[in-house]
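Visitor: Be aware that the sequence shown starts at 13, since it is given in the numbering used here, and climbs by one per residue.
Quick caveat, the hints were computed from the structure, so don't treat them as lab data. Note that the coordinates shown come from a computational prediction; the quantities given were computed from them, not determined experimentally. Zero decoy hints are in this set.
Within a straight-line C-alpha distance of at most 16 Å, the following computed EDC-like cross-link-like pairs (lysine to aspartate or glutamate) qualify: (1) Lys-290 x Glu-280; (2) Lys-294 x Asp-429; (3) Lys-456 x Asp-429; (4) Lys-274 x Asp-296; (5) Lys-274 x Glu-289; (6) Lys-313 x Asp-303.
Using C-beta positions, here's what the derived DEER-type ranges look like: (7) Gly-265 x Ala-411: 55 to 63 Å; (8) Gly-326 x Val-421: 27 to 35 Å; (9) Gln-440 x Thr-62: 13 to 21 Å.
The beta-carbon is built from N, C-alpha and C at its ideal position, and this holds for glycine as well.
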Amino acid sequence: MEDAHAEFEPPDRLVDWGRSAQEFRATVTGRVTDPNGLVAPGVTVTAANTQTGEAAVGVTTTEGVYTIPFLRPGVYAVSAELSGFRKITQPDVRLEVGQTSAVNFQLQVGTLIEDVLVTAQSPVLETAKADRGLLIDNERVTELPLNARNPFMLSYLAPGITYNGPAIYQRPFDNGAIADWSINGGQNRNNEFLLDGAPNNSIQGGNNIAYVPPVDSVQEFKIVTNSYDAQYGRTSGGVINVSLKSGTNTLHGSVYEFARRKALDSNEYFFKVNDREKPDHKLDQYGFVLDGPIEIPGLYKGRNKTFFMVNYEGYKEATPNPATYTVPDEAQLRGDFSNLRDAQGRLITIYDPATGRVDGSGQWVRDPFPGNVIPPNRIDPMARKLTQYFLRPNTTAPAGADPWRNNFVFAPNLAFDTFRNIATKVDQNVSDRTKMFVRYGYNKRTERRFTNGITEGSAQDGQLPLERVNYSGVADWVRTASSSLVLNVRAGLNQYLELSRSDPGLAFNPADLGFPSSGSTSPIIRPSDGPAATVRQRRDSACSRTSHG
13 MEDAHAEFEP PDRLVDWGRS AQEFRATVTG RVTDPNGLVA PGVTVTAANT
63 QTGEAAVGVT TTEGVYTIPF LRPGVYAVSA ELSGFRKITQ PDVRLEVGQT
113 SAVNFQLQVG TLIEDVLVTA QSPVLETAKA DRGLLIDNER VTELPLNARN
163 PFMLSYLAPG ITYNGPAIYQ RPFDNGAIAD WSINGGQNRN NEFLLDGAPN
213 NSIQGGNNIA YVPPVDSVQE FKIVTNSYDA QYGRTSGGVI NVSLKSGTNT
263 LHGSVYEFAR RKALDSNEYF FKVNDREKPD HKLDQYGFVL DGPIEIPGLY
313 KGRNKTFFMV NYEGYKEATP NPATYTVPDE AQLRGDFSNL RDAQGRLITI
363 YDPATGRVDG SGQWVRDPFP GNVIPPNRID PMARKLTQYF LRPNTTAPAG
413 ADPWRNNFVF APNLAFDTFR NIATKVDQNV SDRTKMFVRY GYNKRTERRF
463 TNGITEGSAQ DGQLPLERVN YSGVADWVRT ASSSLVLNVR AGLNQYLELS
513 RSDPGLAFNP ADLGFPSSGS TSPIIRPSDG PAATVRQRRD SACSRTSHG
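Based on the provided sequences and hints, a complete structural model is requested.
Guide: Structure representation (structure tokens):
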């Protein structure tokens with residue numbers, strides 16, 4: 013008896029399909045033959061997602077070749093059926109981000125009610141695309157430990173990737189530092205980040221990552237490091253293509269909390285040998301994730317049709333951030349700089365700006381203050397009042413440095429970070445021919461430090477608060493117009509906004525220094541580098557063409 017079988021092997025000649033740019037979904041393709049090995053046209057091939065029930069259909073051409081594009085990453089059952097032959101099903105076909113996999117079938121004479129289930133599988137070979145890289149699957153995304161739970165840092169696992177950013181800045185809101193990668197020796201910060209097929213770069217501060225999703229919302233992602241496929245081309249570096257989770261027919265959910273405390277942290281070596289206490293540190297990272305079918309009792313059942321995913325994450329951290337300043341001593345605040353010397357003990361001369369002139373040789377010259385001391389009558393009264401807010405030295409300069417440098421240390425200084433992050437996605441299977449999804453992401457980081465250089469009194473108001481806001485959204489529509497034409501329309505928006513806010517000490521009266529009492533004490537808000545928005549709209553089609561000869 014002849015065996016009906018399906019196999020993961022590239023066909024001798026695949027159909028030429030227009031490949032959409034920056035596609036994060038997968039494609040299954042292959043050739044169907046009859047029992048004699050001849051091509052079988054008109055065979056209906058169905059790829060059904062085993063977790064959501066959604067199905068996509070393709071029909072073989074006159075050369076016996078089929079292609080089904082725009083499939084969400086996941087596990088599929090791929091079947092082939094034609095009147096007069098047994099239906100053949102290949103289960104457990106795993107499709108990954110951006111993958112094109114070949115599944116070939118050989119039909120067996122019989123009736124459609126006879127179903128042949130193929131259990132033996134050959135290894136997946138992907139020869140239909142040129143790009144090569146590393147897939148970070150969902151198991152590694154969810155199970156591997158991550159400092160600050162930033163999914164992009166899993167890129168360390170890919171050979172050829174070097175992270176050049178500071179080790180302490182790998183948090184999901186360190187958008188600039190976490191984009192500081194070099195791939196295969198290429199230029200830093202010259203890589204393309206994609207999220208559900210939409211650009212996820214921001215030109216703010218260079219070439220930053222715009223939106224960083226929570227770990228639990230990520231399905232998987234692929235790092236393309238060389239031999240890029242024609243669909244990529246906006247960068248000379250690598251491409252990181254991330255796919256967010258979609259809901260399934262089963263409701264899933266979890267709640268989590270990750271905490272760090274001073275009492276639980278190990279003490280550093282230099283703190284131990286100097287008999288110093290561990291610095292204060294407090295971190296809470298918490299959230300929930302929920303996904304499944306959308307169902308409204310008595311009104312709507314979304315199984316096999318409508319799915320959702322929502323992930324919320326909060327992050328609060330107080331980080332030790334000792335502040336070091338160079339400040340004048342008491343004598344210098346009075347105008348006496350007779351002790352101002354460099355590391356070699358040489359006097360640093362203070363010149364009188366009122367004596368500037370051109371000498372006989374045409375050079376601009378000034379006279380030094382006698383004894384390197386500014387006369388009291390030359391010091392402005394308002395400046396004299398300002399000196400009361402200057403810090404006073406509380407330590408000596410480091411060895412080998414100018415004796416007046418870095419002479420104040422404020423060890424209790426803390427940096428406070430608050431971060432809110434939400435990722436949502438809704439998938440709709442309108443029919444076997446029409447599918448769509450909408451994804452929205454938002455996060456906001458607020459940073460404030462304990463001191464602005466004034467450690468006490470009414471003028472102490474902390475460092476300028478920094479706010480960083482990201483908006484990210486995509487809408488995608490796929491329509492199978494015919495067995496040889498599939499249409500895809502996608503629109504995406506990314507907005508990266510960075511603001512700093514100046515808060516004058518509200519309890520401080522500028523009139524005490526001689527300023528007019530009408531001076532503003534309201535907060536001043538200004539963009540630190542202006543908003544950066546990326547809007548992308550694409551219309552793609554995948555069309556099969558049969559070649560002759």
